[in-house]
Amino acid sequence: LNIKREENLEKKNQFRAMHRLHKLRAKRFYSIMKQEDPNVLKVCFDIQQNKPIPKLSESVVFYSRQVWLYNLCVLVHLKIQEKENTIFYTWLESERPKGYNEVASGVLDFLENLEKSQTRNGPTEIHLFSDSCASQNKNTVMMTTLMAFLEGSRKFNKIVHFYPVRGHSYMPPDRIFG
Numbered sequence: 007l008n009i010k011r012e013e014n015l016e017k018k019n020q021f022r023a024m025h026r027l028h029k030l031r032a033k034r035f036y037s038i039m040k041q042e043d044p045n046v047l048k049v050c051f052d053i054q055q056n057k058p059i060p061k062l063s064e065s066v067v068f069y070s071r072q073v074w075l076y077n078l079c080v081l082v083h084l085k086i087q088e089k090e091n092t093i094f095y096t097w098l099e100s101e102r103p104k105g106y107n108e109v110a111s112g113v114l115d116f117l118e119n120l121e122k123s124q125t126r127n128g129p130t131e132i133h134l135f136s137d138s139c140a141s142q143n144k145n146t147v148m149m150t151t152l153m154a155f156l157e158g159s160r161k162f163n164k165i166v167h168f169y170p171v172r173g174h175s176y177m178p179p180d181r182i183f184g
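In this note's numbering, the protein residues as written are 7 to 184.
It is possible that part of the hints are untrue.
[To be verified] In silico DSS-like cross-links for lysine-lysine, where the CA-CA straight-line distance does not exceed 25 angstroms:
{"hint": "1", "residue 1": "17", "residue 2": "57"}
{"hint": "2", "residue 1": "144", "residue 2": "104"}
{"hint": "3", "residue 1": "104", "residue 2": "33"}
{"hint": "4", "residue 1": "104", "residue 2": "40"}
{"hint": "5", "residue 1": "89", "residue 2": "57"}
[As the list claims (entries may be wrong)] Have a look at the derived ranges for each label pair, beta carbon to beta carbon:
{"hint": "6", "residue 1": "91", "residue 2": "141", "range": "25 to 31 angstroms"}
{"hint": "7", "residue 1": "146", "residue 2": "33", "range": "17 to 23 angstroms"}
{"hint": "8", "residue 1": "98", "residue 2": "181", "range": "20 to 26 angstroms"}
{"hint": "9", "residue 1": "141", "residue 2": "100", "range": "18 to 24 angstroms"}
{"hint": "10", "residue 1": "44", "residue 2": "172", "range": "29 to 35 angstroms"}
{"hint": "11", "residue 1": "72", "residue 2": "94", "range": "34 to 40 angstroms"}
{"hint": "12", "residue 1": "127", "residue 2": "58", "range": "45 to 51 angstroms"}
{"hint": "13", "residue 1": "32", "residue 2": "131", "range": "20 to 26 angstroms"}
{"hint": "14", "residue 1": "17", "residue 2": "94", "range": "46 to 52 angstroms"}
Hints listed in this document are in silico derivations from the structure and should not be mistaken for laboratory results. If you're wondering where the values come from, they're calculated on a predicted model, not measured in any experiment. Ideal Cβ placement from N, Cα and C applies to all residues, glycine included.
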């Protein structure tokens, strides 16, 4: 899609409007993430790009089978990120696959520990931010897990899950991975 090469003025304007709407939706995701509300706790999570083990620079590695390391980062999003608010869940492909059950289990464990550490008058709502990977974050297993957590929670009464516009999913866990 090249707007500059399009000769039909009507189509060109339509493409420009679609591009502008795309950019506005992407900015809206980040503005929601930056909003401050004492009743809302913002939690971000993402899986790092698969890492091969061992990491060797020799060509022998090309012909041998390497084991993949999976790394799920879950954190409470704050202005100043602290390591106390960041948890990594790591496992090898020989232990478990990288699927929706593992991601949902990590997020559930994080939320349960978060609830135990919260004060009585703390936030009552959780805003989750993750990429919209259907096989990990945007599926019925994740939604069911979040509903089960919310049903048993004594401190939180609402969870809202936000997904960024495709191609604009750079989030706080990605900064930590870097």
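request  = State, for the Cβ atoms of residue 91 and residue 141, whether the hinted interval 25 to 31 angstroms holds or is violated.
outcome  = 27 angstroms, holds
inquiry  = Check whether the Cα positions of residue 144 and residue 104 lie no farther apart than 25 angstroms.
reply    = Holds, because 14 angstroms separates the two Cα atoms, which is no more than 25 angstroms.
Range hint compliance [Cβ, residue 127 to residue 58, 45 to 51 angstroms] = At 47 angstroms between Cβs, range holds.
query = Cβ-Cβ distance between residue 32 and residue 131: within 20 to 26 angstroms?
reply = The hint (20 to 26 angstroms, Cβ to Cβ) holds, given that residue 32 and residue 131 are roughly 24 angstroms apart.
message = Taking the Cβ atom of residue 146 and the Cβ atom of residue 33, is their distance within the range 17 to 23 angstroms?
response = 30 angstroms, violated
request  = Given the hint of 34 to 40 angstroms, check if residue 72 and residue 94 actually sit that far apart at their C-beta atoms.
outcome  = 20 angstroms, violated
ask   = Between residue 98 and residue 181, does the beta-carbon spacing fit 20 to 26 angstroms?
value = 25 angstroms, holds
ask   = Does the structure keep residue 104 and residue 33 at a Cα separation of 25 angstroms or less?
value = 30 angstroms, violated
message = Looking only at beta-carbon atoms, does the pair residue 141, residue 100 fall within the given range of 18 to 24 angstroms?
response = Given a distance of about 20 angstroms, which is inside 18 to 24 angstroms, the answer is holds.
25 angstroms Cα cutoff - pair residue 89, residue 57 = Holds: residue 89 and residue 57 sit about 22 angstroms apart, inside 25 angstroms.
message = residue 17 and residue 57 were given as a pair; does the straight-line alpha-carbon distance stay at or below 25 angstroms?
response = 44 angstroms, violated
ask   = Is the hinted range of 46 to 52 angstroms satisfied by the C-beta distance from residue 17 to residue 94?
value = 47 angstroms, holds
The structure is inconsistent with the numbered hints 1, 3, 4, 7 and 11, although it conforms to all the rest.
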